[in-house]
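A.B. asks: Chain by chain, the residues run as shown.
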Amino acid sequence: MAYIIQGETGDWEVVIGLEVHAQVISHSKLFSGAATEFGAEPNTQVSFVDAGFPGMLPVINEVCVAQAVKTGLGLKARINLTSVFARKNYFYADLPQGYQISQFDKPIVGEGEVILDLPDGSTRTVGIERLHLEQDAGKSIHDMHPSKSFIDLNRSGVALMEIVSKPDLRSPEEAGLYLTKLRSILRYLETCDGNMQEGSMRCDANVSVRPVGSTELRTRCEIKNVNSIRYVQQAIEFEARRHIDVYETGGTISQETRLFDSIKVETRSMRSKEQAHDYRYFPDPDLLPLVIAQDFVDGIKAGLPELPDAKKTRFMAEYGLNAYDAGVLVAERISAEFFETVAKGRDAKIACNWVMGDFFAALNATGKTMENPPVSAKDLGALIDLIGDGTLSGRLAKDVFALMVETGKAPGVLVEEKGLKQVTDTGAIEAAVDAVIAANPDKVQQVKDGKTTLLGWFVGQVMKATQGKANPAMVNEMLSKKVLG
Amino acid sequence: MSLDKATVRNIANLARIEIRDEDLDHLAGELSNIMTFVEQLSEVNTDGIEPMTSVAAMTLPLRKDVITDGGQPEAVLLNAPEAEDGFFTVPKVVE
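Those protein sequences? They're chains A and B, same order as listed.
All residue numbers in the first sequence are consecutive under our numbering, ending with 485.
All residue numbers in the second sequence are consecutive under our numbering, ending with 95.
Calculated directly from the structure, the hints in this document are not laboratory data.
None of the values given here were measured: they were computed from a predicted structure.
Heads up, some of the hints might be wrong.
Computed cross-link-like contacts, DSS-like style, restricted to lysine-lysine with a CA-CA straight-line distance of at most 30 angstroms [unchecked claim]:
1. B:Lys92 / A:Lys181
2. A:Lys398 / A:Lys368
3. A:Lys469 / A:Lys443
4. A:Lys139 / B:Lys5
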C-alpha cells in the first residue's frame with residue numbers, strides 16, 4: 001500500500017534510507033583487549049587504546065571481522081576481501097581519540113539485500129548499500145551534575161557494524177518492517193543481540209520527500225540515534241510532514257542533522273553538529289589494509305544457520321502454513337524451534353494454531369519469555385496428542401491448557417488429577433442423552449416437526465450434564481439417531 | 001594551490017586551534033606553500049599503479065578475541081583534568 005501524504009499543492013511521497021549501528025557480539029573490543037559486557041562499573045573496561053592515550057596502537061579482533069563477514073553473507077552481500085580502515089575526525093567529549101576508526105571508501109561488505117514481509121503476505125526487497133566496521137564512542141551522562149557531563153569510556157572502542165540501506169523505503173511502516181527483519185537476521189546469525197533499549201542496535205534515519213511521480217532525490221535530513229522502532233516511525237512521519245510544509249510555503253530544506261524528541265514527538269536541529277559533515281576522512285596510518293582469504297569467507301558461509309527467509313519458505317512448503325503464520329513463527333529462532341518441536345510427528349496446522357493462538361496469548365498474559373515459556377513445547381505436543389487419541393475434546397483441551405499455564409504440570413497428569421478424561425463410554429453418554437430427551441418432550445417434538453437447528457441445543461445440554469467430558473461427535477450422532485429416529 | 005583566509009579559519013576551527021585574525025594571512029601563505037610543495041607529486045604518472053600501503057609486504061595482523069586488558073580505572077583516570085565517582089567529568093555537553 002502506497003504511503004501518500006496529502007499537501008496543499010498535491011500528493012507527496014517520502015524517501016527513506018536507514019543507517020543501523022549494530023553492536024557486534026564479541027568478548028573484547030574491536031582494537032583492544034578490554035571487555036565489552038554491558039553494565040560494568042564506569043571506566044573498568046577501558047584499555048589505554050580505548051582512552052586514546054598517546055602512543056597506543058590498535059590491533060584488530062579476528063572475531064569482529066568474522067562477525068562482519070557473517071552478517072554480510074546473511075544479507076546476501078558482496079564480501080570485499082580487501083578493506084581499509086579510515087579515521088573520521090571530529091571532536092566530542094565521549095571520543096577520546098579525536099577521531100573514530102571507521103571504514104570509508106573501502107568497506108568490508110558491499111551491496112546486499114533485506115526482504116520485507118508485508119502484512120498481506122507479499123514481500124518487497126530493500127537494497128543494502130554497504131556494511132562497515134567501526135568503533136563505538138563512550139557514553140555521556142548528563143543528569144548527575146548541574147554543570148558537568150560524566151563520561152564513561154566502557155563502550156569506547158566496542159565494535160559496531162554500520163549497516164546502510166539504499167533509499168528504498170517509502171513509508172514509516174516499511175522502515176519498521178526493515179528494522180524488524182534486519183534485527184531478526186542479526187539475532188539468527190548471533191552477530192548482534194538486537195537490543196534497542198540497551199543501545200546495542202541504534203538507528204539513524206535519512207528522510208526526504210518528493211511529489212508523487214517524481215524520481216528526483218531532494219535534500220535529506222538525518223535524524224540521529226533513535227532507539228526504538230516506534231520512535232523511528234514517528235520521527236519519519238514528523239520529518240516528512242515538516243519538509244512538505246517547508247516546500248509548500250516556498251522554503252528550502254538544508255541538509256542537517258536532527259534529533260528526535262520522543263516526548264514532544266518532533267525532530268529538532270542539532271546545532272552542535274553543524275560542521276559535523278566535514279569529517280576529513282583519511283586512511284588510518286596505524287592500520288594496514290585488512291585482507292581476508294576466500295577460504296575464511298567460505299568457512300563462515302558453510303557454518304551459516306538457516307535464516308528467516310529460508311525457514312519461512314520451508315515452513316510453508318513442509319508444513320503447509322500460510323505466509324503470515326510462517327512469518328510470525330520464524331521471526332525469532334527460538335519460536336521457530338518451539339513450533340517445530342510441537343509439530344514434529346503431529347498435524348502441523350493444529351500445532352500452528354495452538355502455538356499462534358493459546359500459547360502466544362499465554363506468553364503475553366504471563367509476561368514470560370520464549371527462553372522460559374509458560375508451557376514447554378513437549379507438554380503442548382502431549383496435549384495435542386491427547387486430543388488426537390480422543391482422550392480430550394477440543395473444548396476440554398483449552399481448560400487443560402489453562403491449568404498447564406497455571407500449574408506447570410504435564411497435561412497427562414492434569415487429566416488424571418482432575419478427572420477430565422473425555423467420556424467415550426457409549427453407555428454413559430446414552431444415559432445422559434436419554435435423560436435430556438425425557439426432560440424435554442416439547443423440544444423433541446419441535447425437532448421432529450423440522451426445527452433441526454434445535455439439535456445444537458440438545459448437544460449443549462448433554463455436554464453440560466457431563467461437565468463437558470462427553471465426546472461431542474458421539475453425542476451428535478446419538479442425538480440424531482434418537483430424536484429423529 | 002593557494003588557500004584563502006576563510007579556508008584557513010575553517011581548518012583551524014575544525015582542529016579546535018584558536019588563531020588570531022592578524023595571523024591568518026601569514027598562515028594562509030605558509031599552508032599554501034606546503035600544498036604547492038606536495039602537489040609536485042601529482043606530476044608523476046601513476047595510471048594503473050596500485051597504491052602502496054607499506055614498504056614491507058604486510059597485511060593487517062589479527063588478534064584473538066580474548067579479554068587481556070581493562071580493570072584499571074584509576075590508571076585510566078590518573079591524568080584526567082577532572083574526575084568524579086569513576087567518571088571523567090567535562091563541562092556539560094547536552095543538546
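A.B. asks: For each hint, tell me whether it holds in the structure or not.
C.D. replies: Consistency of the hints with the structure:
1. Of the pairs offered as hints, the one joining Lys92 of chain B and Lys181 of chain A is violated, with about 38 angstroms between alpha carbons and a cut-off of 30 angstroms exceeded.
2. A hinted pair counts as satisfied when its Cα atoms are at most 30 angstroms apart, and Lys398 of chain A with Lys368 of chain A qualifies at roughly 19 angstroms.
3. For a cut-off of 30 angstroms, the pair hint linking Lys469 of chain A to Lys443 of chain A stands: about 24 angstroms separates their Cα positions.
4. With a CA separation close to 36 angstroms, the supplied pair Lys139 of chain A and Lys5 of chain B exceeds the 30 angstroms bound.
Going down the numbered hints, you'll see the structure goes against 1 and 4, while the others check out.
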